[in-house]
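One-letter residues, chain by chain:
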Amino acid sequence: MNDASYHPLSADSASNVNLQEFFLQGSVLDGSIDKLFGRLQGICDNVKPEMFTDRERTYYLSTPGLTTSVMVKACKSVIQPSAPWQIKYIGNIEAADHTKPAMIRSNVTVAVSQDPSQFLEELGFILRYEVVLRGQFYRKGNLKVTVAKLLLNSGIAASTFDATKLEAANTSHLVEISALSLMRDDGAAEEVRHFAQLLAPIAMMEKVDHRRIQMHQ
Amino acid sequence: MADLLSQAKTNITLLTQAISCTQKLRSTVTNVFNFLCEGVKPDEDQDNKLEEAEIGSLSKDARKFLQRFQDYLQAVNQDYNEVEKCCNAMQSTTELPLLGPLGLLAVDPTFDKNYFYRDVLVAYQWNQKMHDYAQSSFNFMQSNETKKSIFPGGKRRVRAMPQRFQIVNPQLIHLALSSVQNQVKENVVLKIISSAGETRVIQATVAKVFVATILLHNSVMEKVIVRALSEESFQEAGSYDIVRDSQFECMRRITDHAMAAILEYSTLHQASPELALKYILLWLSSYKTLFIEKCSVCRKHLRDGLPPLWRDFRNPIACHDFCRA
Amino acid sequence: MGVTYVSQWNIPEGKNIQQGVEELQNKAEKLGAKKCGLFVVECESFHSTNAQNLKTLHTIHNSEYPASRFACFEDGSFLVTDVMLGTFLSKLRSVWQPKKGGKIESKGQRYEFGDFIIKIGIVSMGPSTKGIALELEYAPCRFPLDCWELMTEMLHELIDDQAPASLPQVIAQKPDANLAELTALQYIRLFNNLRKASMNR
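Residue numbers (this note's numbering), protein chains in the order written: chain G, 1 to 217; chain Z, 1 to 325; chain S, 1 to 201.
No lab work stands behind these hints, which were simulated from the structure alone.
Here the structure is a predicted model, which is why all the values come from computation and not from measurement.
Virtual Cβ for every residue (Gly too), placed ideally from N, Cα, C.
Any given hint could turn out to be false.
What the hints assert, rightly or not - Just some of the chain G residues that point at chain S, by a computed CB distance under 8 angstroms:
hint: 1; residue: 63
hint: 2; residue: 87
hint: 3; residue: 114
hint: 4; residue: 122
hint: 5; residue: 123
Make a model of the complete structure from these sequences and hints.
Structure representation (C-alpha cells):
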C-alpha cells in the first residue's frame, strides 16, 4: 500500500469469469449407504471425507413477462459457524442436450457478510422453502462428490432454526457429482460421467430432466 | 532449598539401606519356604536310639522342626522390621517444589547424558548464597553507617538487591489477577491468553480504545504491546502474537510510554510485583479517554496529527508528548 | 478500517476542478501529510424492470478494501460481499439492469498524516467531471461518537470554513453500524448529490 506505484484494483478484475458446472445426480437408500461410503473412500482422493451440515434457503424471482424465474440459494454451514453466508445463483439446467454426457448449469457463488434474506427480499426474491443437507463431501481432482441426507426444519417459522429439531425428509441420500469448468470445456463432463460409472451399481447416476419432474407434480 | 537438598541426600541413603534390607528379607523368606518344602527330616542320630519309644522320637523330631521353623520366622520378622524402619525414616518429598518444570529433567532416564539439572541446582544454590550474603552485609553496613553526602538532606542511595529466583504458585497469580480485575472494574477487561511454565500472556482491553498485551514472568512484567481494537492479535496459525507492533503511530507511541511505565512502577514496587501490575493497569485505564479528551496544556485534540498520548505516572492527565515541558 | 468522513469540497470561485484539487493537495501537504499511492471508489447503480419495485441498488468498490464489494439499497439493507457480486448481478439482468449513467467514480491521490488517511478525489461520470470529494479517515478508532471532535479539529485545519458543523446524518442515524457501511453510505449520498446537481444545471 505504501508503494507509490501501487494502483488500486479495478472493480471488474477476474470477477466476470463465467463458470459452468457439469453434474449428475442420483440417490441411494439409507440401507446401502455404508457400501457407497466405502466405495467412495476407495476411489476418491486419500483425504478424510468432510462432514457438513448446511442450511439451504431457496428463493425465486419471477421475471415480469416471462414464465421462467430466477433461482437463488442462500446457504450457511451449521457446523462451521465462522464460515460466511453464501448466495448461489443456479442457472437453468440443460439436460435435454443428448450430445453432452452430463447436465450443465451455470453457477455463481458470492460470499456475503451477514444473513442475506432481507437483501434478497428487497431484490424481489421470494422464499420458497428451507432445507438442511447433512452428509459427507469427497473430492477427486476437481470433482466434487456430495452424499447428503435431506432434512426438514420442523419448526414452522424459518427464522427459528434449531439444529436439534430436524426430521429426515425421506429414506434415501442424495448423491451428486459435479465439476466446475470454463464455458467451452467438455472434458470435465466426460470426467463426471466416467466417475459416475464407477459408482454403479450402488448408485445409478443419471441425467434427470428437472422440468419434467416439476411438470408431473 | 539447602535443607531440602540435605533432606534429599538422607532420603537417598535411606533408600539404599532399604534396598539392601529388602534383599535380606527376600533371602530369609526363601529360606523359610525351602525349609518347609523339605519337611520333617528324621534326626541323624535316630538309628542309634531306635530302641527308645517310637512316640517319643516322633515328638522329638517335631519339636526340633518347630524350633528351627520358629528361628527362621524370627529372622524374617527382624528383617521386615528393619525395612519398615527405613521406610518410616524417609520423609515425604511431594512437598518439595523442584525448580518448576526443570525438575522433570531430573526424571529423564538418560540422566548421564545431560547435567542440566545438576548445574541448575548448583546455580540456584549459588544464587541463594549470594542473596544471603548480600542481605547480611547490607545489615552489617547499615549498623556501621558513615555519612558520605555533604548535603544535610542528602538521601542515602538504596541499591537494588540482587535478584532472587522465584518460584510462584500459578494459582497465586490467578488470584492476584482477579483481585486487580476487581479494582479496575469495567474500564479494563483482563484475559489470560496462554501460560507456559512461569510465563503468561495477559490481554487487557481498555474500554473502547485499545488492547494491551502484557507478558508476565511469574508476576513480573516483561513486555507490553498496545494495539488498536481492529488489529488482529492472533496469528494465522492460531498462536498469540507477542512480537508485532501496531500499525498505528499513536498505538506504537503508547507502547513506548507503557514500557517506560513498567520500568517505573516495577522499580518503585520491587518487593511486590503484584502491586506494580495493579498500578500499570490503573495507569492504562486512564487511556480510556484517548480520543475524547483534549490536551490539558494546549487545550487541543491534535498535535502533529496525534491525540494527547502522554499520561503522567503519578497523575494520569492527558497531555501531548511535546506539551509535557 | 476506521471512522470516516466523506464530503464534497466546494471549489473556490474562479477555479476549475484541476486547480481546486491542486489547492486542496497543497493544503494537505502543508499540514505534513505524505503521499501514499492512489485510490478509487466506484459506484454502479441498478434499477428494477419491475415497475412496482422503485428501489435503487448501489454497488460500491473501494480500493481500501480490494477484495470486497458493497451492495446496498438506499435506506435499506447493506451487505459486504466478495468479488463475484458483479457476475451475480449480471445473472439477474432480466430484472435488475444498470441505470443509465449509473456509473460514477472518485479517483485521486491518497495521503497519510499520523494515523489519518486523507483522500482527495475527482468525481467523474464517464468522461465528465462532477466535482471534488474529500475523505478523511481516522484509522485507530472504531467509534464515531468518540473521535468526532478530534476529526472536526483536523477538518478545520484542512478545509477551514467547509468543515461540517455537526455529525453527518448517515453516522448520526446509526453510529454503531459497520464502519465500511458508513463509508459506503456517505459516498452514495455524495454521488447522488453530485448527480442531482449536474442534472439541475
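Against the structure, the hints come out as follows:
The restraint placing residue 63/G at the interface with chain S holds, with a minimum CB-CB distance near 5 angstroms, inside the 8 angstroms limit. With 8 angstroms as the threshold, the beta carbon of residue 87/G comes within range of chain S, its nearest partner Cβ sitting at about 7 angstroms, so the hint holds. About 7 angstroms separates the beta-carbon of residue 114/G from the nearest beta-carbon of chain S, less than 8 angstroms, and the hint is met. The restraint placing residue 122/G at the interface with chain S holds, with a minimum CB-CB distance near 5 angstroms, inside the 8 angstroms limit.
Among the interface hints, the one on residue 123/G holds; its C-beta lies about 7 angstroms from the nearest C-beta in chain S, closer than the 8 angstroms criterion.
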